[in-house]
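Enquirer: Those protein sequences? They're chains A and B, same order as listed.
The numbers in our numbering rise by one with no breaks, and the one at position 81 of the first sequence is 81.
The numbers in our numbering rise by one with no breaks, and the one at position 124 of the second sequence is 124.
Be careful, since some hints might not be right.
Derived DEER-like restraints, expressed as beta-carbon distance ranges [said to hold, decoys possible]: (1) A/GLY57 x B/ARG117: 35 to 41 Å; (2) B/ASP188 x A/VAL109: 23 to 29 Å; (3) B/SER149 x A/VAL109: 22 to 28 Å; (4) B/HIS97 x A/GLY57: 26 to 32 Å; (5) B/ASP177 x A/ALA82: 17 to 23 Å; (6) B/CYS20 x A/LEU68: 46 to 52 Å; (7) A/ASP16 x B/ARG117: 24 to 30 Å; (8) A/THR4 x B/PRO138: 32 to 38 Å; (9) B/GLU174 x A/LEU68: 17 to 23 Å; (10) B/CYS20 x A/GLU91: 43 to 49 Å; (11) B/PRO22 x A/ASN51: 48 to 54 Å; (12) B/GLY24 x A/ALA5: 40 to 46 Å; (13) B/ALA163 x A/LEU68: 32 to 38 Å; (14) A/GLY57 x B/THR147: 34 to 40 Å.
These are calculated hints, taken from the structure and not from any lab test.
Here a beta-carbon is modelled for each residue, glycine too, at the ideal position from N, C-alpha and C.
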Amino acid sequence: MTPTALGDTLAQVVRDVPGVAFLTPGIAGRLRSAFQDPRRGGLPGAGVRLNRRGDTGPWQIEVRIVTLAGHRACDVTRATRAAVLAHLLAEGATATVDATVTVTITGIV
Amino acid sequence: MTTRIHPPDTPPPHDPDDECLPCGRLLSRVWSDWEEGAADSHAAACPDCTAAVAELERLETAVRGLRDDTEDASGYDPAPLTERVMDVVRLELRPGHPLPLGTPEEDMWVMEYAAARVLRAAAERVPGVRSGSCRITPERDMPGRVTVSLHILAPITAPSLPALADEVRRSVGESADRRLGLEITGIDVHVIGFADASDDSEKGFLP
Numbered sequence: 001m002t003p004t005a006l007g008d009t010l011a012q013v014v015r016d017v018p019g020v021a022f023l024t025p026g027i028a029g030r031l032r033s034a035f036q037d038p039r040r041g042g043l044p045g046a047g048v049r050l051n052r053r054g055d056t057g058p059w060q061i062e063v064r065i066v067t068l069a070g071h072r073a074c075d076v077t078r079a080t081r082a083a084v085l086a087h088l089l090a091e092g093a094t095a096t097v098d099a100t101v102t103v104t105i106t107g108i109v
Numbered sequence: 001m002t003t004r005i006h007p008p009d010t011p012p013p014h015d016p017d018d019e020c021l022p023c024g025r026l027l028s029r030v031w032s033d034w035e036e037g038a039a040d041s042h043a044a045a046c047p048d049c050t051a052a053v054a055e056l057e058r059l060e061t062a063v064r065g066l067r068d069d070t071e072d073a074s075g076y077d078p079a080p081l082t083e084r085v086m087d088v089v090r091l092e093l094r095p096g097h098p099l100p101l102g103t104p105e106e107d108m109w110v111m112e113y114a115a116a117r118v119l120r121a122a123a124e125r126v127p128g129v130r131s132g133s134c135r136i137t138p139e140r141d142m143p144g145r146v147t148v149s150l151h152i153l154a155p156i157t158a159p160s161l162p163a164l165a166d167e168v169r170r171s172v173g174e175s176a177d178r179r180l181g182l183e184i185t186g187i188d189v190h191v192i193g194f195a196d197a198s199d200d201s202e203k204g205f206l207p
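Next comes chain B alone, as it looks inside the complex (with noise of 0.2 Å):
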């Protein structure tokens, strides 16, 4: 008794998936009679069964890369698919709120997470500052406008931190406006401690 492990050499004339070759040659037999070793002389002069060869011997040579990497696994890092997963996740369960952009009756928004970002990066413009959290919230008594609430860790160096937090409010009400167009009514910011300018490793913390 043996075990077929190949399609049969004459497969039934009615298979659809069985390519027929322009040479009338059917492709499952131009590729066993390869890998049986058992081409004839036609196999080696057709252009179109050479052809077929051809086609199997690439597909081959794929597929053992693709094992070879398999077994290798050492080099591969999991982390940056991770990374992009996760970050996928966070944006779908904790996109933040809607936020109005121009009148109520123009019914258009910006979602929370993706107007922060551009806010919090304006934050940042100024020197020696890292931006945290930063909230952004309606205003319920005005409609179409919001309130701004940002962390931020001063540089060391700072002078005065008034002065610091003026500055970075005039970043971020000029970029709210310019580069979005919300209608800010307020911007507080919370100096929750002190980075030191020769670290960037607090850059974009979130407490």
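Only chain A is shown next, with the shape it has when bound in the complex (with noise of 0.2 Å):
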């Protein structure tokens, strides 16, 4: 699976997550926001970004989301942490077990 496929897999992952509000998009898709609503997908992939060394290296991924107030973020961000490695696990991507997650909540909604 290419990069962009994992990462647009990945975003519609976390979006399905309790207590996840949307990905945090660039400052790009902020300023569009009167005209997108980013809680419909905006752009694919967007609060999400993949890394790996080589070819066959361990993914580096790292998750960007604004959560639900309703929600302790701590919860929110392990669930989406476990979300993620789960996929990969599903999904039998190599290198998953070295693969490491990093989750930031950059608002609350």
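These two chains come separately, so use the hints to put the complex back together.
Expert: Okay, here's the thing in structure tokens:
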């Protein structure tokens, strides 16, 4: 699976986590938000960044999210992290064992 | 010599942008005939040509509306847009630093700006208190833990400032745990002034 395709898939996985309002848009997405509701998806892969060393190195995945105020922030980040790792395992992505997942809440709405 | 301001009656057939209606007429011709009052009996009876003319009329109405709105700019208030843009810029430039959530191995974070908003709101749940600057700093020697420094305006009727500070501390600590999950080692409450209970203008002040 290409990084772009995996990023898009993980973005959907993260959006489905209870307590996640939406993925953090970039500055262009924020300014455009008057016309485009980020909760409807925004740009594919927005808020999820993937890196890996070479073609077979472990994934380094950064997820940036905005959470809902009614949910405990720590629990949402933990569930998000678990969902990402579970998806990687289910997909049989290479080097999943060493994958690192960083989850950051940038806003609470 | 004349200046052509409309598309030619019969554009080149290879023009990919010129739509051919189901009745066989080109959209450009139907529109130009209507604008020039040259519509024939076919155009008057054909449902495809009639629908195409109706679309053009709707478009012209919308353009006229936009033009009229623009000419009367006195009622346009750019302030909300400006504030929105500045909020975005501030957030992008000063999101604060990431604060740890959970254990260090979990690699989970919340940006200071987002967490501070929650804690400031918690302080303001104490009656009469107005919250200001809220800094949350990771503990150097205790990974995964943070300290809070909060500025408040106290209600002028507060009988005891130490008791008020304790109440603020309890509310902030409870929110930090229940709403965020931050591990807090200390909450410093700085009473930097008094707020008139009847005046909400200082709500959320940022000295």
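Enquirer: Each hint should be assessed against the structure and marked as holding or not.
Expert: A quick look at each hint next to the structure:
1. For the hinted restraint 35 to 41 Å between A/GLY57 and B/ARG117, the CB-CB distance of approximately 38 Å keeps it satisfied.
2. A C-beta distance of roughly 28 Å is found between B/ASP188 and A/VAL109, which places it inside the suggested range of 23 to 29 Å.
3. Under the hint 22 to 28 Å, the C-beta atoms of B/SER149 and A/VAL109, about 25 Å apart, fit the expected range.
4. The hinted range of 26 to 32 Å is satisfied by B/HIS97 and A/GLY57, whose Cβ atoms lie roughly 28 Å apart.
5. Between B/ASP177 and A/ALA82 the Cβ separation comes to about 21 Å, which falls inside the hinted range of 17 to 23 Å.
6. Here the CB-CB span from B/CYS20 to A/LEU68 is close to 51 Å, well matched to the stated 46 to 52 Å.
7. For the pair A/ASP16 and B/ARG117, the supplied restraint of 24 to 30 Å holds, since their beta-carbon distance comes to about 25 Å.
8. The hint said 32 to 38 Å for the Cβ distance between A/THR4 and B/PRO138, and at roughly 34 Å that hint holds.
9. A beta carbon spacing of about 19 Å between B/GLU174 and A/LEU68 agrees with the range 17 to 23 Å that was offered as a hint.
10. Checked against the given bound of 43 to 49 Å, the beta carbons of B/CYS20 and A/GLU91, roughly 48 Å apart, stay inside it.
11. Here the CB-CB span from B/PRO22 to A/ASN51 is close to 53 Å, well matched to the stated 48 to 54 Å.
12. A beta carbon spacing of about 45 Å between B/GLY24 and A/ALA5 agrees with the range 40 to 46 Å that was offered as a hint.
13. A hinted range of 32 to 38 Å for the beta carbons of B/ALA163 and A/LEU68 is consistent with their spacing of about 34 Å.
14. At roughly 37 Å, the beta carbons of A/GLY57 and B/THR147 sit within the given window of 34 to 40 Å.
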